[in-house]
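The listed protein sequences derive, respectively, from chains Y and R. Positions in the first sequence are counted from 1; adding 1 to them yields our numbering. Positions in the second sequence are counted from 1; adding 1 to them yields our numbering.
Derived from the structure by calculation, the hints contain no laboratory data. This structure is a prediction, so every number in the text was calculated from the model and none was measured. Among the clues, some could well be false.
Here are the in silico distance ranges between beta carbons for each label pair [unchecked claim]:
id, chain 1, residue 1, chain 2, residue 2, range
1, R, S381, Y, L21, 36 to 44 Å
2, Y, M351, R, K34, 56 to 64 Å
3, Y, E37, R, K44, 15 to 23 Å
4, Y, N91, R, E160, 22 to 30 Å
5, Y, G41, R, D19, 16 to 24 Å
6, R, Q36, Y, N388, 47 to 55 Å
Beta carbons: idealized from backbone N, C-alpha and C, even for Gly.
There are 2 protein chains.
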Amino acid sequence: MKHSLSDLAIFGGPRAFDALLPAGQTNLPEWAKVQEMFSGIFKRHYFSNHGILAQELEEKLCEYLNVRNAVTITNGTIALMHTAVALGLNGKVIVPALTHPATAQALSWAGLTPLFCDVDPHTLLITPELVEPIVRKHEASAVLAVHLWGGVCDVDGFEALSSKHSIPIFYDAAHVFGCNPHGTMVGAAGAAEIFSFGADNILNAAEGGLACTNDDELAAVLRNLRSSYGRRKNVPIPVNANGRFSEFQAGLALLSFNDLEKNRIENRGRLNQYIDGLSDVDGIEVRAPDGREKHNCQDVVIIIDEASFGLPRDMLFKILVSENVSLKNHFSVGVHRRPPYSNDPDERSMMPVTDMVAGSVIMLPSGQVVTEKCVEKVCSIIMYAHNNAEEIRRLCK
Amino acid sequence: MKHSLSDLAIFGGPRAFDALLPAGQTNLPEWAKVQEMFSGIFKRHYFSNHGILAQELEEKLCEYLNVRNAVTITNGTIALMHTAVALGLNGKVIVPALTHPATAQALSWAGLTPLFCDVDPHTLLITPELVEPIVRKHEASAVLAVHLWGGVCDVDGFEALSSKHSIPIFYDAAHVFGCNPHGTMVGAAGAAEIFSFGADNILNAAEGGLACTNDDELAAVLRNLRSSYGRRKNVPIPVNANGRFSEFQAGLALLSFNDLEKNRIENRGRLNQYIDGLSDVDGIEVRAPDGREKHNCQDVVIIIDEASFGLPRDMLFKILVSENVSLKNHFSVGVHRRPPYSNDPDERSMMPVTDMVAGSVIMLPSGQVVTEKCVEKVCSIIMYAHNNAEEIRRLCK
């Protein structure tokens, strides 16, 4: 607990955490179960290229997500790249400016040009209404929508937009595995939905990705793109790439999938603790899922209102980092303002909501390693910073 | 052993192998050691993004390969893509037509156009002499040379070519980890050398890749491209991508690296057994390393002279596959004749050596799972096919 300003590490005090409290190293299954799973891989002596565990995982995920095809791929970014190429897209593709940089970068790797769209101020998602004028103006060849922080796009509205303008919609669903808004599991909408099984996510294979689609032909192209040599029917593809998912990734993902409900409950507990712990701090809004049957609660996202909180986001960010709290900053600048896109004249068009959110967001630590005690400490640092904002501002000048 | 034609599985006989003899699932370390290594990952609760094991691996490989920077990346293809982008290349890049398709495909993903070059009939490698006329004619922006099947390119000659024409040379070294021709370890030549730690290779992380370079600025760009967020100095990069190497990959690679000399000796033993077992079969040449201090012996490559052997390569391929021998066919067609390159008018230029080799090569099974008994069986099937070639041809018509 901090009692005076000199207790803050930023002013030379001892760090609140002796070891770095890591960001994005969330849930892993029990080691004993992993041992059993991995020993099977060694017995079978088959390590990669659409092995028996990858096949089992794909089958289970098809059933769970209620989708015809679930194609495991190296990681989420590569899965997005493959999907963009498999869809045969050209030219410009609309993406939200408020997203992980990888969403836009995957398009660049696929030879496409991202066309940025601002987001709705309440849901922080792009909407058919925001997208349609851009489609009309720029001849976009597709829309890559992003379900963000548990929020899920208006897939029915996008379906109508897709039909009306005859352009495919696909989804970056990296953050929303297991979310089930209004009773419909995310995974089967649009031309494809792409998940990440990176260490940040509730379904954690250390690294990993998944492309889901009800279009069997698209799935066949994806399977060939991934290079599962000889394991599925051969179809012509634009260009091959190594997107293979190893048996070790598949083993971790299968066990993580078994733990899904447990991890969901633990994540919910941590999120609730943050909500409670920060409820008395003016100017901090903890984004919380609302009205959904199921939510993965994996991201703890706070939005800071500088006027009420008393400090700008960047200053709170620095205070937390100096206490040994690792914070990701993928969202701290809209992607339209990041290289290589910031040189594009299109980027200079106004994205007021994205700029506002990106300038005021912090993603707080979550995952197994973040104990109740850790959450308590993080909340108390934030509260202390708020209560002493004026003096901190003065000292930091 | 086959005693009559009807003993061949292709003519309805029992398969020589009850279970598929896998291709490209080579050496893994002992399970007990993997358990110990992986339990540490669980204890540290840090799974990916340039963790402690990835750092240890990079340090060890720098020392072993005698190179300033060794950057671990998801897989070899992604490492090639990242390197091509990090080098800031544009336009056309020369590659051998006789290579794994991934070499050329990585260039395509990086927005570059492969310009194919035929190989030397003895070394099966491209040479400065073969490359220079293409550089003059086509304004190539770089050369991506390939060290193939243990054979290592004339790096001094390419260095001279690079200086003379002011274009970078980089190397696909996927097949030659640990090779040490004439006392110089492969890994530090040209602008960069890229290895694969895929399950096919002597250093096996199930999936994995490595970009090596003595150019510290190029390495910094590669580390940022890979997205090791916040772990190294930030430098501007063309476009980010997820090329992260997980701690599980790093743990496997470290143990595999410890086993390198053991695996080298085992591979050499298998290769020698194939050489002996096929020495009496006319029309079969087993490619063998020659005059090198160290060789990884990971690939067992045979070249079939149809006239002397009595059967075309494709027929021997079918005979072996029907006996449950899994054979890779990445090299069975020159990359200039594969989509998407086969539509390119340049591809119609003559590549006589590549076409000859690609049309006559088979890569035989290797790796831990291929016991002495297995090699014996494979050799005896090949010998039986040779001794009964005329009748097999007649029956297959």
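Assessment of proposed distance window 22 to 30 Å (beta carbons of Y:N91, R:E160) = 39 Å, violated
Confirm or reject the claim that Y:G41 and R:D19 have a C-beta distance inside 16 to 24 Å.
-> Holds - the Cβ-Cβ distance for Y:G41 and R:D19, about 19 Å, lies within 16 to 24 Å.
Take the C-beta atom of Y:M351 and the C-beta atom of R:K34, compute their distance, and say whether it sits inside 56 to 64 Å.
-> 57 Å, holds
Does the hinted range 47 to 55 Å hold for R:Q36 and Y:N388 at CB?
-> 49 Å, holds
Go ahead and decide if the range 36 to 44 Å is satisfied by the Cβ distance of R:S381 to Y:L21.
-> 59 Å, violated
At the C-beta level, are Y:E37 and R:K44 separated by a distance inside 15 to 23 Å?
-> 18 Å, holds
In summary, the numbered hints that this structure violates are 1, 4.
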